[in-house]
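Need the complex rebuilt from these two chains, each delivered in its own frame; the hints are there to steer you.
Those sequence lines, one after another, are chains A and B. Heads up: the first sequence begins at 1 in my numbering, then just goes up one per residue. Heads up: the second sequence begins at 1001 in my numbering, then just goes up one per residue.
Hints should not be assumed to be uniformly reliable.
Said to hold, decoys possible - Cross-link-like lysine-lysine pairs, in silico, DSSO-like; alpha carbons within 30 Å at most:
| id | chain 1 | residue 1 | chain 2 | residue 2 |
| --- | --- | --- | --- | --- |
| 1 | B | Lys-1315 | B | Lys-1256 |
| 2 | A | Lys-58 | B | Lys-1315 |
| 3 | B | Lys-1131 | A | Lys-77 |
| 4 | B | Lys-1364 | B | Lys-1315 |
| 5 | B | Lys-1131 | B | Lys-1049 |
| 6 | A | Lys-48 | B | Lys-1364 |
| 7 | A | Lys-103 | B | Lys-1368 |
| 8 | A | Lys-77 | A | Lys-45 |
| 9 | B | Lys-1368 | B | Lys-1337 |
| 10 | B | Lys-1400 | B | Lys-1324 |
| 11 | A | Lys-45 | B | Lys-1049 |
| 12 | B | Lys-1315 | A | Lys-103 |
| 13 | A | Lys-77 | B | Lys-1337 |
| 14 | B | Lys-1174 | B | Lys-1060 |
| 15 | B | Lys-1324 | A | Lys-103 |
| 16 | A | Lys-103 | B | Lys-1254 |
| 17 | B | Lys-1254 | A | Lys-77 |
| 18 | B | Lys-1131 | A | Lys-61 |
| 19 | A | Lys-103 | B | Lys-1364 |
| 20 | B | Lys-1325 | B | Lys-1254 |
| 21 | B | Lys-1264 | B | Lys-1465 |
| 22 | B | Lys-1060 | A | Lys-45 |
| 23 | B | Lys-1337 | B | Lys-1465 |
Hints were generated in silico from the structure; no laboratory data involved.
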Amino acid sequence: MVSYKQDAGQSGHHDQKGRSFMKQFTYTITDPVGIHARPAGLLAKAAKALDSTVTITKGEKSAAATKLMAVMGLGVKTGETITFTIEGGDEEASAAAMEQFCKENM
Amino acid sequence: MQVATGKSILNGIAIGPLRIYKKAEAQTTVSSTLTPEEEYARFDAARVKAQEQLGVLYDKALDEVGEDNAAIFEIHQMMLDDDDYLDAVRGILETQGATAEYAASATGENFAAAFAAMEDEYMRARAADVKDISRRVVNVLLGVGDADMMADQPAILVADDLTPSETVQLDKTKLLGFIPRHGSSNSHTAILARTMNIPALVGVDFQDEWDGKLAVIDGYNHCVYIEPAPELLSAMEEKRSNDLKQEALLQSLKKKPNVTLDGKEIKVYANIGNAGDVGLVLQNDAQGIGLFRSEFLYLDSQDYPSEDQQFMLYKRVVETMAGKKVIIRTLDIGADKQADYFGLDKEENPALGYRAIRICLTRKEIFKTQLRAILRASAFGTVSVMFPMIISVREVRDAKEILEECRAELEERGVAMGSVEIGIMVETPAAVLLADELAEEVEFFSLGTNDLTQYTLAIDRQNPKLDNFYDSHHPAVLRMIRHTIEAGHRHGCWVGICGELGADQTLTETFLRYGVDELSVSPSSILPLRKIIRSLDLSKESQD
Chain A
1 MVSYKQDAGQ
11 SGHHDQKGRS
21 FMKQFTYTIT
31 DPVGIHARPA
41 GLLAKAAKAL
51 DSTVTITKGE
61 KSAAATKLMA
71 VMGLGVKTGE
81 TITFTIEGGD
91 EEASAAAMEQ
101 FCKENM
Chain B
1001 MQVATGKSIL
1011 NGIAIGPLRI
1021 YKKAEAQTTV
1031 SSTLTPEEEY
1041 ARFDAARVKA
1051 QEQLGVLYDK
1061 ALDEVGEDNA
1071 AIFEIHQMML
1081 DDDDYLDAVR
1091 GILETQGATA
1101 EYAASATGEN
1111 FAAAFAAMED
1121 EYMRARAADV
1131 KDISRRVVNV
1141 LLGVGDADMM
1151 ADQPAILVAD
1161 DLTPSETVQL
1171 DKTKLLGFIP
1181 RHGSSNSHTA
1191 ILARTMNIPA
1201 LVGVDFQDEW
1211 DGKLAVIDGY
1221 NHCVYIEPAP
1231 ELLSAMEEKR
1241 SNDLKQEALL
1251 QSLKKKPNVT
1261 LDGKEIKVYA
1271 NIGNAGDVGL
1281 VLQNDAQGIG
1291 LFRSEFLYLD
1301 SQDYPSEDQQ
1311 FMLYKRVVET
1321 MAGKKVIIRT
1331 LDIGADKQAD
1341 YFGLDKEENP
1351 ALGYRAIRIC
1361 LTRKEIFKTQ
1371 LRAILRASAF
1381 GTVSVMFPMI
1391 ISVREVRDAK
1401 EILEECRAEL
1411 EERGVAMGSV
1421 EIGIMVETPA
1431 AVLLADELAE
1441 EVEFFSLGTN
1451 DLTQYTLAID
1461 RQNPKLDNFY
1471 DSHHPAVLRM
1481 IRHTIEAGHR
1491 HGCWVGICGE
1501 LGADQTLTET
1511 FLRYGVDELS
1521 VSPSSILPLR
1531 KIIRSLDLSK
1541 ESQD
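The shape of chain B in the complex, shown without the other chains (with noise of 0.2 Å):
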């Protein structure tokens, strides 16, 4: 058995034989016996019969992997309408005497290369766009079908890296996984690959004499074990089966309600931690964004995030969740976790240090930046917002006061905006002692219990010499959260869990039956907590 590892695009198995695909590379002469106007007659026909093709194409990949990731067809097309692109096969002709073929191909290679040299990696990745609409047009202009790559039995496809065209054109039916042999996690192909499902596996130094050997994809570990052992073989084969259960469970639950058997309703939200996640958050069917960590925003950047920058984000997400709900909660970072542009001073204890809506509260500008995005980004869909790190009911009013001074700002501005729903994490056991009086200031609760259970049982989590001591479901930590859910419910408000405890699937008839309204999870729990929670019965004496 012989293993290659790689970088894995997609946490599935795959297991067949491996096929390498071989490009046949089209011939092109070079000299033409026709003119370059009978010529450039020849190209533009096939262009704009390439325009077509590509438009086939776009619904084909409309249907199969949705319309973000079709949209590079229409790119392909608006590259064929390019005068520079097209200036250049007419001044190749006209220079060299040559065929459509060859100038169309010369021309690909040309500006394929022009984008190659550039700094910034998604324009590199352009690359293969311009050669791949190049390719396109030659052959039309030979007659060339696009090649079968599949033939008839269902493998793992090894190919140097498929342009986009040849990847949707692929027969999925019969395609088991993909190794590229190029390009990077970025490229398009592994962007399809993640979106349709299909374990894949970049950067692997494939040795051709594998070709027709069984095989097996380990995306889990970033590996293709190449005729694996029977023991390992039987471990993989077990595994992805389990992978196709999950599957299964989630085609069967998409779409229905989160609902015990005795009729109580629970909301299961996501959480998120930048904005790419949100196809994640659909595809899992979650009912909104509990969660929606704004701090990637600060962290991926080498300067503050303007308020332009944040709304386009906020509203993006907004947007793309068509009215269902997205929590955001407030800039939460500390010296722990902190880009060097806000100069946060090195600390002997950041857990209990300058943090989170401390730094808002008295960096104001920093914060209302942050408010008036979200302002801004509320007349786009369903927003809430929640302060981070509460200890007292101070913090809330001096929050809530800076929103509303954002708020009389845009509206001068004449900017539009929508209702904010107001809430706040409960994360310290101050906040949970206190929460009669804050759930007066608040509309809603969301347990942070990562940080509760580490203030409340005053046990560092990285700590290996305390295990013996740490308790995820440690009775003062349960009590906490049913104490925050009682008191919240007492004076209006909703309450819902978004840290770690609420995925934690023994947990969850405890939670119900505290009166928890909401669960945020990461989106691959949403479905098995369905699961769970539509098998519950709440009216009946519980289990334990």
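Next up, chain A with everything else stripped away, as it sits in the complex (with noise of 0.2 Å):
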């Protein structure tokens, strides 16, 4: 399941001219073996070729999505709610790239 935050005024930074640079939505993983090796790796390979910076946090902790052992190290179990935080590049295309993603290995 994913749900972004709303650009405009709730979340994410602004700069002078108010236009947002960064986006951010959550997904709730539904793989029953949650966040396994095999998705970490595919989720690297496929942040690597980004051309935005893409963290995704859990709770307290944060890693960087091309970092494999980093993502594997949050330990992500099935049900549990992960953020995408992406900045940089073309935030629309990575942040979709990223949604579809989640959507096919997660």
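Here you go:
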């Protein structure tokens, strides 16, 4: 299940012209094994191909999506919700790509 | 003779001499005469070579153990690209002026320790992976080849838990059995042993002095006999010989159709109790899944599984079956088989109580969640749905109405669905007697002979005092089955059997003569049934 936080006013950073330059969305893991090695590896690959910086947060802990071992180290289990933060580059496209990845693999 | 116990990975027998494998501990010196940059260049070259080796291993494993299990080598390749891992190596080189060998080895140990400290069992098992890749890089740096562990004689290998790459590199023709001294039954080695069909025993307290002695791994009894007594040895040899015959049967019957000598075709499907069994289904060449018991999803969970969770799981099974039919039975739990969060009251007679479709029709949200997940999964293959414990036409109509509601809801959400064949379990005398009316409401029947027998004979099968009265081939039960098949056919339904009686090889001919269309059995019964079916000629008089 994907839910987006509103761009305007509620979250994300804004530059002087009021344009937002960070996107976030949350995703709840449906894969019964949680984020195991295989999806973590594919995620790292997919994230490396983007021109944005993608960070995954679970509770207090964060990891760069490009770092396989760090993502695995988050120990994300089924039913848990993680937040994707996308900054820089083509944020729309990167966020869409990550969302698609989640639906297909996690 | 001595006996040691462990946990068996495979129901099989291995007979041969024991051989202990001792890993040569690669020596690594700590400090280097080269600059950190030069050492890192060495490390990087070795890293790339290691990834190449892993590519070769991946291909080999793909052949031997299939994609899912070969995937581990891809993971290893990805780990060697991980920024944190590489940064850690670089860090050690720069702060300690160390050799590349030492840095890789130490990094491996550090990451392994971090994984080993995690709560999740799956993550803890990854500690072995990060050690494996580090060792591989170190071996490349040292110019050490992978040792040949088996030498000339076929043997039962005893080793500290082998890494995935060691397991794949073993010469299988010489590997009779396997005793990893550490490692769990979920460890990678265990999974590979199971897939390669090699009897293995974990958690054995192995004595070094047993090296070289003749031993027998008894996978059925979770133990290993060292220097077995002669009678035991010959009994085990016979068991093993039977196992091999079953293997040969497997090979010869695979891909052959389930057709009698006089040309009558019957479907033989598999019963499964959880998603992990799908491998067995395909290995045994089932034409479909005739009973997918969905309860495990609810029983293995701390709370109601969500629509998405259920959908992912059904989808995975449906996709793996690649178009072959998957018949999902809706939630069939009761007071005797339940999860706490359901909050079902204790009952005097759970067999006659608030269970299965009765729960679903009164707690509609639970039912609808499951039905929506099933409908969504149907877009990915061939899916049928089956309602358990039916006793009336009313129940079937209500269930179908709820299914239509779910379909409408999903259509509004714009979610893809396929068509879903609808059927019921016939497992109550009421359903049998109303079979003609029920057949008008659905497309198929599946006979749940376990419960049907119990309800028809009014006998509790668990009660040993009733053994004299219990007859699994009771004429009343057989008549119930026959009636159901005939009624189903009168109204255009196909009829199958998914209860235990379906696998009873002494009844196969009887059922075929009744006109049964499908038998759904545990995977290991599929090929033996095929053998019988292919040997029958229904145009001739029955042999009995």
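Legend entry - 30 Å limit on alpha-carbon distance, applied to hinted pair Lys-1324 (chain B) and Lys-103 (chain A): 24 Å, holds
Legend entry - Given hint Lys-1256 (chain B) paired with Lys-1315 (chain B) - CA-CA distance at most 30 Å: 27 Å, holds
Inset, instruction - Could you grab the alpha-carbon distance between Lys-103 (chain A) and Lys-1368 (chain B) and see if it respects the 30 Å cut-off? - result: Given that 30 Å is the threshold and the Cα spacing comes to 22 Å, the pair holds.
Legend entry - Satisfaction of hint between Lys-45 (chain A) and Lys-1060 (chain B), Cα-Cα up to 30 Å: Satisfied, since the Cα-Cα distance of roughly 23 Å is no more than 30 Å.
Legend entry - Hinted pair Lys-1364 (chain B) and Lys-1315 (chain B), Cα distance within 30 Å: It holds: about 22 Å lies between the C-alpha atoms, which stays within 30 Å.
Legend entry - Proposed proximity, Lys-1060 (chain B) with Lys-1174 (chain B) (alpha carbon, max 30 Å): 17 Å, holds
Legend entry - Given pair status - Lys-61 (chain A), Lys-1131 (chain B), alpha carbons within 30 Å: Distance of about 25 Å is within 30 Å: holds.
Inset, instruction - With a cut-off of 30 Å on the C-alpha distance, tell me whether Lys-1400 (chain B) and Lys-1324 (chain B) pass. - result: Roughly 23 Å separates the two Cα atoms, so the pair holds.
Inset, instruction - Quickly compare the C-alpha distance for Lys-1131 (chain B) and Lys-77 (chain A) to 30 Å and report which way the hint goes. - result: Roughly 24 Å between the alpha carbons, so the hint for Lys-1131 (chain B) and Lys-77 (chain A) holds.
Legend entry - Holds or violated: Lys-77 (chain A) to Lys-1337 (chain B), with C-alpha atoms at most 30 Å apart: 26 Å, holds
Legend entry - Hint consistency between Lys-1337 (chain B) and Lys-1465 (chain B) [alpha-carbon to alpha-carbon, up to 30 Å]: 23 Å, holds
Inset, instruction - Measure nothing beyond the straight line between the CA atoms of Lys-1264 (chain B) and Lys-1465 (chain B); if it is 30 Å or shorter, mark the hint as holding. - result: 41 Å, violated
The earlier numbered hints that this structure contradicts are 6, 16, 17 and 21.
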